[in-house]
Amino acid sequence: MTENATTERRPQYAVFIYEAVPPEDLPPDVMAGHIGLPEKIAAAGGRVVAGLGFQDPSTTTAVRGDLLTDGPFVETKEALAGIYVLEARDLDHALELARMTPIVSGGVEVRPLVDFQVLP
Amino acid sequence: MLAATVRVTRDLDVAEESVQDAYVSALSAWERDGVPDRPGAWLTTAARNKALNALARRQTLRAKLPLLVLPEELTVPEAIPDDRLRLVFTCCHPALSAEARIGLTLRLVCGVSTADVASAFLVPEATMAARITRAKKKIAAARIPYRVPESDELPARLDSVLTVVHLLATTGHTAPSGDALVRIDLAERALDLARLLHALLPEEAEVAGLVALLLVHRAREGTRTDEAGRLVPLADQDRSAWDRNLIAEADQLVVRALLAGPPGRFTLQAAIAALHAQAPSYAETDWPQIRTLYDALLRVWRTPVVALNRAVAVAMVDGPAAGLAAVEVLEASGELAGYHYLPAAKADFLRRLGRFAEAADAYAAALALTDNAAEQDFLRDRLG
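Just so you know, the protein sequences line up as chains A and B, in that order.
The first sequence lines up with residues 1 to 120 when you count with this note's numbering.
The second sequence lines up with residues 1 to 384 when you count with this note's numbering.
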């Protein structure tokens with residue numbers, strides 16, 4: 001019975017972090033919040049599978065065929081600042097966990113992953 | 001039955017197919033063996049077995065099933081009202097668009113056809129079908145849970161649920177198409193759902209308000225058409241035939257809801273309906289009070305339909321010219337294009353102003369916009 005329960009893969013979600021404040025300007029408490037996030041999520045019954053923090057969008061180079069341009073594909077005020085993958089029971093659980101992400105100005109977007117991720 | 005089957009499959013499409021298959025099996029099995037003592041239970045069990053078989057087949061086809069049957073769920077006894085409530089909250093999850101929530105609930109919880117759902121929302125059937133398909137896909141892919149929200153998150157989820165129940169009642173109150181004005185089955189389902197929510201959330205004023213509103217509709221139901229099935233307007237209805245017990249029950253709920261704090265849109269609508277129900281005649285209705293309630297309603301729920309209803313109250317207080325002016329403002333906004341009550345109201349004001357040629361044009365415009373035979377007959381009569 002317990003074996004059955006553990007063999008069912010729990011759904012995974014990508015959490016996109018949109019933040020207007022560049023990483024070097026983040027207040028220390030928000031930075032600390034990001035560092036402590038996986039632990040906090042684990043305590044609430046979820047699991048962070050992987051996470052990536054991005055440099056400021058101005059450091060981006062876009063590649064379109066042979067063309068190189070300065071800046072990201074999509075210019076927005078609230079830029080994509082990072083992304084992490086979490087495992088949760090269902091969407092409600094995933095939203096509850098994603099809501100713990102520290103944000104100065106912006107928000108998060110939660111998207112379910114398809115079932116063939118290349119992840120540990 | 002659909003709700004009980006979804007709990008097993010966690011997949012709305014498989015559940016819907018299984019329920020349909022169960023009906024087909026019932027036709028031959030019942031003919032052979034006679035109708036079982038509990039046909040509902042027979043169908044639910046059959047649908048569940050078919051769903052399990054369907055899932056088992058899918059399991060062998062795919063290495064990994066994204067929607068697994070959880071073994072422990074199979075032993076849970078089925079409480080139907082609770083299951084339906086769970087299905088309602090799943091269909092009304094805030095992660096779905098408002099349109100999808102309503103369409104999905106009408107389709108899956110209440111069994112309204114996609115064509116009727118589309119008609120109730122003034123969109124083409126294909127649009128509604130696509131909307132419902134997208135919503136089902138999101139429920140499955142994002143794993144929107146099949147459960148009643150915890151008490152702390154319940155109030156926030158409630159408004160979309162109440163909207164759905166109200167729209168279901170509206171669809172039942174005046175069927176978007178077909179020969180009968182009223183679809184009692186839909187109206188009954190709406191009242192059942194509203195009562196269920198009220199039992200679960202007795203402290204929520206808006207739930208009480210919605211129950212009250214639906215009770216008043218029910219109390220007047222028998223008088224809205226004549227023996228020939230023709231529409232009888234509120235002004236001409238036989239008030240002595242209204243169900244006084246239901247109206248009294250509604251009154252109590254409205255008073256309690258109004259005392260609970262600033263009233264929401266359902267409580268205000270119920271208060272308006274209750275005032276109509278209390279009036280000894282159409283002319284003796286407390287129109288100034290009704291207009292005041294519509295003003296309040298327009299503040300908490302600014303929709304063109306509310307504005308149109310307010311125009312009718314304005315016409316009763318300040319005369320048909322004032323009503324016509326209000327309707328023409330709405331008409332100019334174009335928000336209610338395709339909504340036949342707008343030209344119908346306009347026609348009535350023009351008729352009362354003695355502008356018969358223009359009234360006839362407006363009646364003809366209204367006639368072209370409704371598919372309900374009872375309403376068509378009424379409008380044809382007015383056209384003379």
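If you are wondering where the hints come from, they were derived from the structure by calculation, not from laboratory data.
Nothing here was measured: the structure is a model prediction, and the numbers come from that model.
Careful: at least some of the hints might be erroneous.
Said to hold, decoys possible - Some chain A residues near chain B, calculated using beta-carbon distances under 7 Å:
(1) D90
(2) L91
(3) P112
Cβ atoms here follow ideal geometry from the backbone N, Cα and C, with glycine treated the same way.
Structure-based check of all given hints:
For A:D90, the shortest C-beta to C-beta distance to chain B is roughly 4 Å, which falls under 7 Å, so the interface hint holds. The beta carbon of A:L91 is positioned within 7 Å of a beta carbon in chain B (closest approach about 5 Å), and the interface hint is therefore held. Proximity of A:P112 to chain B holds as hinted, the smallest CB-CB distance being about 5 Å (cut-off 7 Å).
Hint violations for this structure: none, all hints satisfied.
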